[in-house]
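Undergrad: Residue strings, one per chain:
There are 2 protein chains.
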Amino acid sequence: MSIKKKTTIKDIANVLNISPAAVSKALHNDSRISEKTKKAVKQVAVDLNYQPNHLASALRKGKSNLVGVIVPRTNSHFFSSVIQNIEEVLNKEGYNIIITQSNESYKKECDNIDTLLFTQVDGIIASMANETIDLKHYEKIKSKGIPLILFDRGENNLNVDYIGINDYDSSHMIVEHLVKQGCKRIAHIGGYKHTRIFNNRIRGYIDALKKYNLPMEDELLIESSLTTEDGRKKMTQLLALQNRPDAVYVAGDYAALGALQVLNERGIRMPKDIALVGFGNEPFTAMVTPTITSITQHSSEIGKQAAKAFLEHAKKKVVKQQLNKIILNAELIVRDSSNIKNS
Amino acid sequence: MSIKKKTTIKDIANVLNISPAAVSKALHNDSRISEKTKKAVKQVAVDLNYQPNHLASALRKGKSNLVGVIVPRTNSHFFSSVIQNIEEVLNKEGYNIIITQSNESYKKECDNIDTLLFTQVDGIIASMANETIDLKHYEKIKSKGIPLILFDRGENNLNVDYIGINDYDSSHMIVEHLVKQGCKRIAHIGGYKHTRIFNNRIRGYIDALKKYNLPMEDELLIESSLTTEDGRKKMTQLLALQNRPDAVYVAGDYAALGALQVLNERGIRMPKDIALVGFGNEPFTAMVTPTITSITQHSSEIGKQAAKAFLEHAKKKVVKQQLNKIILNAELIVRDSSNIKNS
Numbered sequence: 001m002s003i004k005k006k007t008t009i010k011d012i013a014n015v016l017n018i019s020p021a022a023v024s025k026a027l028h029n030d031s032r033i034s035e036k037t038k039k040a041v042k043q044v045a046v047d048l049n050y051q052p053n054h055l056a057s058a059l060r061k062g063k064s065n066l067v068g069v070i071v072p073r074t075n076s077h078f079f080s081s082v083i084q085n086i087e088e089v090l091n092k093e094g095y096n097i098i099i100t101q102s103n104e105s106y107k108k109e110c111d112n113i114d115t116l117l118f119t120q121v122d123g124i125i126a127s128m129a130n131e132t133i134d135l136k137h138y139e140k141i142k143s144k145g146i147p148l149i150l151f152d153r154g155e156n157n158l159n160v161d162y163i164g165i166n167d168y169d170s171s172h173m174i175v176e177h178l179v180k181q182g183c184k185r186i187a188h189i190g191g192y193k194h195t196r197i198f199n200n201r202i203r204g205y206i207d208a209l210k211k212y213n214l215p216m217e218d219e220l221l222i223e224s225s226l227t228t229e230d231g232r233k234k235m236t237q238l239l240a241l242q243n244r245p246d247a248v249y250v251a252g253d254y255a256a257l258g259a260l261q262v263l264n265e266r267g268i269r270m271p272k273d274i275a276l277v278g279f280g281n282e283p284f285t286a287m288v289t290p291t292i293t294s295i296t297q298h299s300s301e302i303g304k305q306a307a308k309a310f311l312e313h314a315k316k317k318v319v320k321q322q323l324n325k326i327i328l329n330a331e332l333i334v335r336d337s338s339n340i341k342n343s
Numbered sequence: 001m002s003i004k005k006k007t008t009i010k011d012i013a014n015v016l017n018i019s020p021a022a023v024s025k026a027l028h029n030d031s032r033i034s035e036k037t038k039k040a041v042k043q044v045a046v047d048l049n050y051q052p053n054h055l056a057s058a059l060r061k062g063k064s065n066l067v068g069v070i071v072p073r074t075n076s077h078f079f080s081s082v083i084q085n086i087e088e089v090l091n092k093e094g095y096n097i098i099i100t101q102s103n104e105s106y107k108k109e110c111d112n113i114d115t116l117l118f119t120q121v122d123g124i125i126a127s128m129a130n131e132t133i134d135l136k137h138y139e140k141i142k143s144k145g146i147p148l149i150l151f152d153r154g155e156n157n158l159n160v161d162y163i164g165i166n167d168y169d170s171s172h173m174i175v176e177h178l179v180k181q182g183c184k185r186i187a188h189i190g191g192y193k194h195t196r197i198f199n200n201r202i203r204g205y206i207d208a209l210k211k212y213n214l215p216m217e218d219e220l221l222i223e224s225s226l227t228t229e230d231g232r233k234k235m236t237q238l239l240a241l242q243n244r245p246d247a248v249y250v251a252g253d254y255a256a257l258g259a260l261q262v263l264n265e266r267g268i269r270m271p272k273d274i275a276l277v278g279f280g281n282e283p284f285t286a287m288v289t290p291t292i293t294s295i296t297q298h299s300s301e302i303g304k305q306a307a308k309a310f311l312e313h314a315k316k317k318v319v320k321q322q323l324n325k326i327i328l329n330a331e332l333i334v335r336d337s338s339n340i341k342n343s
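Chains A and B are the protein sequences, given in the same order.
For the first sequence, the UniProt record's numbering gives the first residue as 1, with consecutive numbering after it.
For the second sequence, the UniProt record's numbering gives the first residue as 1, with consecutive numbering after it.
Everything labelled a hint here was simulated from the structure, so no lab data went into it.
Incorrect hints may appear among the rest.
Stated by the list, open to error - Derived EDC-like pairs (lysine to aspartate or glutamate); straight-line CA-CA distance at most 20 angstroms:
1. A:K184 with A:D218
2. B:K92 with A:D218
3. B:K92 with A:D114
4. A:K144 with B:D11
5. A:K108 with B:D11
6. A:K108 with B:E93
7. B:K108 with A:E219
8. A:K136 with B:D47
9. A:K107 with B:E88
10. B:K136 with A:D47
11. A:K341 with A:D273
12. B:K107 with A:D218
13. B:K92 with A:D111
14. B:K63 with A:E93
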């Protein structure tokens with residue numbers, strides 16, 4: 001069986017022996033067409049399983065009611081929850097969303113953007129891949145006049161709407177918490193320095209150490225891809241130091257999980273020997289042993305605000321001069337892995 | 001600032017004072033156009049940031065190189081992992097994927113299908129929402145001659161490619177394991193009976209009880225939406241029975257997690273008082289206390305096979321008479337929650 005040819009307006013016209021233009025008018029309830037003809041056309045359309053080509057119609061109208069979402073990966077509670085909340089807000093306003101993932105790859109992110117532009121999305125909400133440095137693909141979205149909203153991993157240089165948390169201050173909160181627990185040698189397994197949020201976390205860490213007169217040693221600050229596997233590797237690296245840290249702040253929960261596995265495997269007690277803090281408040285941080293202290297990123301609020309920012313653009317139909325920059329206050333959730341005073 | 005108007009072929013033609021047809025030919029490297037003109041056209045195209053409308057081109061060619069994926073939710077390791085593997089296989093063949101989620105809603109699933117058809121996908125790979133009973137929206141995909149591949153949650157009636165595991169046999173494995181641990185009163189918190197995979201698990205459970213001469217009592221078989229919240233509720237319901245079960249087999253890990261929480265909160269020991277088994281082998285089953293015995297669903301293999309099934313259709317360009325029905329053998333991963341003999 002070969003693929004069925006689609007029913008066209010011409011097919012309907014042939015059956016009824018009228019012009020394709022008359023069929024089109026009838027389908028659009030044009031007043032110049034008699035009720036009898038309209039009824040006949042619609043009946044034949046149903047009989048032949050006629051389906052209007054929405055895409056062609058979107059091309060004409062310049063509106064698809066679709067919003068594209070790009071995330072590094074869907075397999076993280078943070079990104080899933082942001083997506084969920086974007087979707088809830090946009091569905092209510094008659095928009096559907098389509099999701100693509102970059103898998104932290106710059107090339108894949110370029111493909112994602114091409115795909116979304118291809119599908120004629122009315123807007124794009126994105127969080128950048130780890131690998132992304134060059135921003136031309138994002139400039140392309142802007143140059144087409146399509147609203148672009150960034151969340152979590154964004155870039156100041158792009159000059160678009162951004163929703164995130166105060167990463168710099170979060171690092172301060174974490175270091176302060178560890179200092180209060182009595183820690184004196186605090187290491188940081190950070191994300192890539194070229195990514196703004198991770199850079200902010202690193203700067204926050206360094207400045208907080210200064211504030212509390214703690215040593216900022218190069219061997220205690222390590223750049224990581226923040227996967228679970230890399231968390232294992234970087235914790236192993238820290239344990240090989242002659243002068244081990246007494247606390248490790250990891251810039252992502254998945255890498256913190258890897259660090260925790262290594263510590264548990266070696267029988268190193270948390271928080272007594274080494275206190276551990278993650279970032280992101282992924283649900284598993286409350287499930288593992290010991291439970292991991294972490295920072296909540298307010299994923300629901302980020303999703304809602306990102307959707308609202310898009311809707312503002314969509315409703316005004318102009319690219320606004322005034323941009324939304326929404327920075328939410330993160331919260332520290334203290335759990336067993338760093339709670340020395342109560343342990 | 002109003003939205004920038006897109007550069008068209010006409011704009012390029014105006015600059016060079018040639019016909020739009022000549023510009024189009026030049027952009028498509030037509031041999032009737034001189035090299036000099038081609039070069040000039042391409043330079044102006046770059047200067048004006050001209051971007052050809054891929055969608056219009058896809059409409060003409062009838063191929064978008066896009067594959068749509070529909071999942072109940074992305075926030076589950078099983079579905080994320082299937083998506084990941086579909087993507088890896090298809091990317092290599094030049095296809096990009098777009099993801100939509102139904103959130104277990106029938107209406108949302110209908111919208112997802114409309115969205116994907118709207119974006120002119122070359123194929124759809126889907127796992128059904130809990131709510132889905134009526135299959136008209138899936139019939140619509142078939143009627144358009146677009147390859148449809150179902151995985152995990154599928155329907156025999158649709159007569160399309162299907163990749164999944166042997167749910168019926170998996171229930172047998174679980175019941176057999178629990179019988180060997182000495183359990184005599186085995187309850188089942190199952191999924192919705194109208195969903196084929198959950199129905200198969202329920203049938204497997206009932207038949208295995210018969211095989212081992214164990215009581216099949218109505219109060220021990222409960223239908224659930226299988227969310228964590230509902231798992232809590234259904235476990236509470238089982239604990240309220242005059243004659244409590246000594247083992248509970250839950251048809252999904254998220255609901256098993258809810259059940260575990262309730263048991264832990266009430267100080268009921270697993271597996272000594274009640275043995276617990278989940279389904280899906282979500283990563284958290286190995287993180288919680290006690291770790292949960294579960295069934296692996298071979299998500300990587302399901303993803304790869306689903307992608308390959310689509311590629312077969314795409315390459316043959318015909319709807320095959322012979323369908324792929326791939327049923328993988330699941331495996332039981334025994335952990336602390338049901339390992340009575342070693343506890």
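Undergrad: Which hint numbers doesn't this structure obey?
TA: 2, 5, 7, 12, 14
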